[in-house]
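Visitor: Spelled out, the chains give:
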Amino acid sequence: MSTATNLQGHSGQTTAFLTDSTLCIGCKACEVACKEWNGVSADGFDWSGFSYDNTGAVGHSTWRHVKFVEGNPQPGFGGNAGEAISWEFSSDVCKHCEVAGCLEACPTGAITRMEFGAVYVQPDVCNGCSYCVVACPFGVVQKNVEDGRAFKCTFCSDRQRVGLEPACAKACPTQSIKFGEINQFRNEAQDRLQELKARGIEDATVYDPQDTSVGGIHSIFLVRGDPRTYNLPPKPEVPTIYLKDGWRSAGIAAGMMVVAGLAAFLSTPAKNGKRLEGAGR
Amino acid sequence: MAENHPVGFQWVIEAREKNKATVIHVDPRFTRTSAMADIWVPLRCGSDIVFLGGLIHYVLENEKYFREYVVHYTNAPTLLREDFRDTEDLDGFFSGWDAEKKLYDPTTWLYEGSPEKGALFGGPLPKVEKDQQQAGHEKRGIVGPGQTAETAKQDFTLRHPRCVFQVLKKHFARYTPEMVEQCCGVPKELFQKVAEAYCSASGPDKTAAICYALGWTQHSKGVQIIRAASILQMLLGNMGRPGGGIMALRGHASIQGSTDVATLYDILPGYLPTPIFNRDARSLKDYITYNKAKTGVWSDFDKYIISFLKAYYGDSATAENDFCFDYLPRVTGDHSHFGFWLDMADGKVEGLFLMGQNPGVGGPNARLERKALAKLKWLVVRDMVEVEPASFWYKSPEVERGELSPETVATEVFLFPASGVSEKAGTFTNTQRLLQFHEKGGDPPGDSTSDTWFMVHLGRRLKAKAAADPRPRNAPLNALKWDYSVAGKDAEPKVEEVLQEINGWTTADHRLISGSSELQADGSTACGTWIYSGCYPEPGRNRPNERQSRDLYGHGWGFAWPSDRRILYNRASARPDGKPWSERKKLVWWDEQQRQWTGLDVPDFYRDKPPDYKPPEGAVGAAGIGGDQPFILHPDGVAWLFVSAGLKDGPLPTHYEPLESPLPNPLYKGSNSDPAAMKRERPDNPYARSPGDPSFPYVLSTYRLTEHHTAGGMSRTLSHLAELQPELFCEVSPELASEIGLKHGAFATITSPRGIVEARVMVTNRLKPLSVEGRSIHQIGIPFHFGTNGLVTGDSANDLLPISEEPNVRIMEAKALVCDITPGRRPRGKAALEFLARKMEAA
Ligand code: SF4
Ligand code: SF4
Chain A
1 MSTATNLQGH SGQTTAFLTD STLCIGCKAC EVACKEWNGV SADGFDWSGF SYDNTGAVGH
61 STWRHVKFVE GNPQPGFGGN AGEAISWEFS SDVCKHCEVA GCLEACPTGA ITRMEFGAVY
121 VQPDVCNGCS YCVVACPFGV VQKNVEDGRA FKCTFCSDRQ RVGLEPACAK ACPTQSIKFG
181 EINQFRNEAQ DRLQELKARG IEDATVYDPQ DTSVGGIHSI FLVRGDPRTY NLPPKPEVPT
241 IYLKDGWRSA GIAAGMMVVA GLAAFLSTPA KNGKRLEGAG R
Chain B
1 MAENHPVGFQ WVIEAREKNK ATVIHVDPRF TRTSAMADIW VPLRCGSDIV FLGGLIHYVL
61 ENEKYFREYV VHYTNAPTLL REDFRDTEDL DGFFSGWDAE KKLYDPTTWL YEGSPEKGAL
121 FGGPLPKVEK DQQQAGHEKR GIVGPGQTAE TAKQDFTLRH PRCVFQVLKK HFARYTPEMV
181 EQCCGVPKEL FQKVAEAYCS ASGPDKTAAI CYALGWTQHS KGVQIIRAAS ILQMLLGNMG
241 RPGGGIMALR GHASIQGSTD VATLYDILPG YLPTPIFNRD ARSLKDYITY NKAKTGVWSD
301 FDKYIISFLK AYYGDSATAE NDFCFDYLPR VTGDHSHFGF WLDMADGKVE GLFLMGQNPG
361 VGGPNARLER KALAKLKWLV VRDMVEVEPA SFWYKSPEVE RGELSPETVA TEVFLFPASG
421 VSEKAGTFTN TQRLLQFHEK GGDPPGDSTS DTWFMVHLGR RLKAKAAADP RPRNAPLNAL
481 KWDYSVAGKD AEPKVEEVLQ EINGWTTADH RLISGSSELQ ADGSTACGTW IYSGCYPEPG
541 RNRPNERQSR DLYGHGWGFA WPSDRRILYN RASARPDGKP WSERKKLVWW DEQQRQWTGL
601 DVPDFYRDKP PDYKPPEGAV GAAGIGGDQP FILHPDGVAW LFVSAGLKDG PLPTHYEPLE
661 SPLPNPLYKG SNSDPAAMKR ERPDNPYARS PGDPSFPYVL STYRLTEHHT AGGMSRTLSH
721 LAELQPELFC EVSPELASEI GLKHGAFATI TSPRGIVEAR VMVTNRLKPL SVEGRSIHQI
781 GIPFHFGTNG LVTGDSANDL LPISEEPNVR IMEAKALVCD ITPGRRPRGK AALEFLARKM
841 EAA
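Chains as they are written, first to last, in the numbering used here: chain A, 1 to 281; chain B, 1 to 843.
FYI, nobody ran anything at the bench for these hints, they're computed from the structure. Among the hints, erroneous ones may be present.
What the hints assert, rightly or not - Computed cross-link-like contacts, BS3-like style, restricted to lysine-lysine with a CA-CA straight-line distance of at most 30 Å: (1) A:K170 to B:K18; (2) B:K20 to A:K170; (3) B:K20 to A:K178; (4) A:K178 to B:K18; (5) B:K494 to B:K463.
Turn these sequences into a full structure, and let the hints steer you where they fit.
Guide: Printed below as a string of structure tokens:
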């Protein structure tokens, strides 16, 4: 286990999402169910040209986001005909990190660890300083500039409290999103990986980084191809590991720059600066 | 299916994951469904019968058919008349074609020995107008009493040159893999792969299912495409067995229900044909003679119709007055959506109710449909939002282009707010014929009311008016039974009462009946929809509202008509001797000890009829069906590879090009497109030249997206859905894009002889040019959800479609037409019309 588990904020909770993209049909029910349940507003009616994705990325007004990747032919199911292309769908969400960069960076205490392991932004405390935004290694939490505060997935804590699963998992018709116990999911994901490989889907991977300063995540993914395609960095780090006694402030600046650079490199284009290229790339 | 039926698609995913089922997706575009499939087959729009015919050919040539099933459970052994001629003999026509009337006389398609229909009346049939004859859904009328096993001659060795099996073989002889490659653009190897995969998934211990949607229906030969699929399923023994069958994926949650409890002009509830003026409508006796079969389920036709009339007219309906049969409306012409819309365009219609329908966006030649609204005196629109037909007079492309203006449109428009599904109680009937009741979740906002509320109260007011005015014209209204009770502050009708009326009761003591077997032809029972009978068998037992699923087939959850059978014709899941074909695929079987049919589903058969029962000569009704004849809706008890009566465009499916096609028909010179299809060509509904109009060189197909609901009234108005697909786009291949300079993300203008729209260009490898007959054919895809109202707006792709009518069910051809596409935005205002006019002149 990473030493990071001893750091402040470790959840000690075992609830998690398992998002199996090989079962995802790209229906976006998760995205809509999330917005409906949480009262999140729409974020503009802009056609992006990025395949069927018009909401861009996870952000302050999109807590679940389904990415559409049109690619080259891949063996196994999903457009396996030699001349066909592949079209991958994957639903992204907050990772509810064991050691959450956002929580560590938040100077007001607005971001707290809740029961069920949820990393939660208290809207009545958040002052919109945006420290969390640059501290998240996944580019999840985002400031709503009109509102002035930062927003992200709540792990549907309100639903969990009354014994309901998160809205996205509930809405998913194909069980691409499952909600349950992390250790069980870790086994399940490995079994599924073996099964997929046996069926010729060699490029499947489980995304569940544990040996980094993030100390484990509560949103495990099963994707095809390079996880970076789906906004999943290979080695996510909490910026605070760059902190050294006496160099605290300099360290923050440096760490923020690294992370910001990383985020800029990895993230899909921002919603406003949509690039237009062939969707079939 | 993943695109438009994501919730139902979970079962496909489950089959793929749990049973390792192979998923094959045949579609011109690579869609979300293709992404989940094992094999994707892109094919040319409108070439489906060649593809399916190729599979039929493969099955017959390679002897892959399920012989015992085919011999016993289909009409393969039945002999046809000597004077029957196939399209292969007559260059694209079956025998009986009347070139002048453009219509078939189906007499030569009858089985050998079948009496002709006129024999019922002791002479030739009364002649009726073509428009009436085309009344689509009526099928019973043409199934003469001769179509029974009794008079038909059979050759169970399947060798007789005139037996259906041999005729079928000959008919599909030219549907070779080469023909598939040449016509559909599907490479031989890919076709071979599909054929092998499909056949290997069928047999005694395996079954394969076909799911289709509007991609098959909306063609000038849509019914025949589905017929081709059913021939394939019959040959492979995939009907009436678990995991088999053909699933029609309906466009809305309860479209199945709306056909069952009919909203169509040519059928009454329960698929009873609407009487046709001057043919079977002269008296109840004539009507019954015409429509009643001698054997099988339809031999009880008189019980169904008389019980139905008792439900409509109650005590007013007596044996003396033909149970008020004369009050039923008659088919006097083409009253289908397109028929009356063209009438409307011609100023022949005064008023219109539009309830939850948006033809201003969703109708073909939507321009014509919107403009026709201006010819009405009044228009009632009931919807949850202000849909386009309600605003055509002040906000529409026609207003922008100066064709209509608020100052001159005289139509009085009444927009009524309607409650949504969750704001009212009622049932859905899904594609599996499953009725599911839903309770009301909450009150609708403002003045919104349910459709039931509206109809019941409208009926009450009309009846009150009629009661005060006893002129003969009001007699039907005065006879109508309309005693629905209402309750609550809004005087809401109790929908369960309606469901009880649909179920049926005895007229003397109002006892709910347990099923259609209790129905009588003497007026002692009333039943709104005989096929639904049994859904409310006793007070307090609303079976569609039951939610305790007991088994794999879901018995205990809802109610599947008829009689809660989850799989139709399930007698076919057992061998002729009554034992299951295999342990793995067992469903119902004959229990020798109990002397009855039993199993995992409610047997769709006469419960105590032993498998070895042979009907005695002259047997009628149920007694006329043998113990090994599972298809009891048919008078001969078997499935029809060859449909000798009931179709308007031929007894067998055969390939015709779409009404507008870039290519000539590779099979027939004599008829490029389905000769019986109706183009309804007129100045406001023009067509491109076919085949191969150089002005419109590309193939166009419309479709829907997961994110939107049909004409968009329920999705373009909701921000959480509208943001997901906020703009009209068209999908083109990179090859086409570079050929004519279309840029990804820029605009393109698409024109057809009917209209002009602009859309953002999506260049994607999910579309690819097909090599067909040595040429490269470009296909363009465009969703049709957009209109002028709502949070996201855009041109309506349906402006491009013609109004056309498939001859059997009168559906338009939306999935295969031709167009032109050019880079850039379309002209605005009047200039758009001028652009179109110039284009047509050049053509
Ligand atoms: S993914 Fe980002 S926003 Fe979510 S808990 Fe981790 S650091 Fe915080
Ligand atoms: S609801 Fe499920 S299937 Fe649909 S997009 Fe989300 S993860 Fe994929």
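Visitor: Taking the earlier hints as the rules, which of them does this structure contradict?
Guide: Violated hints: none; all satisfied.
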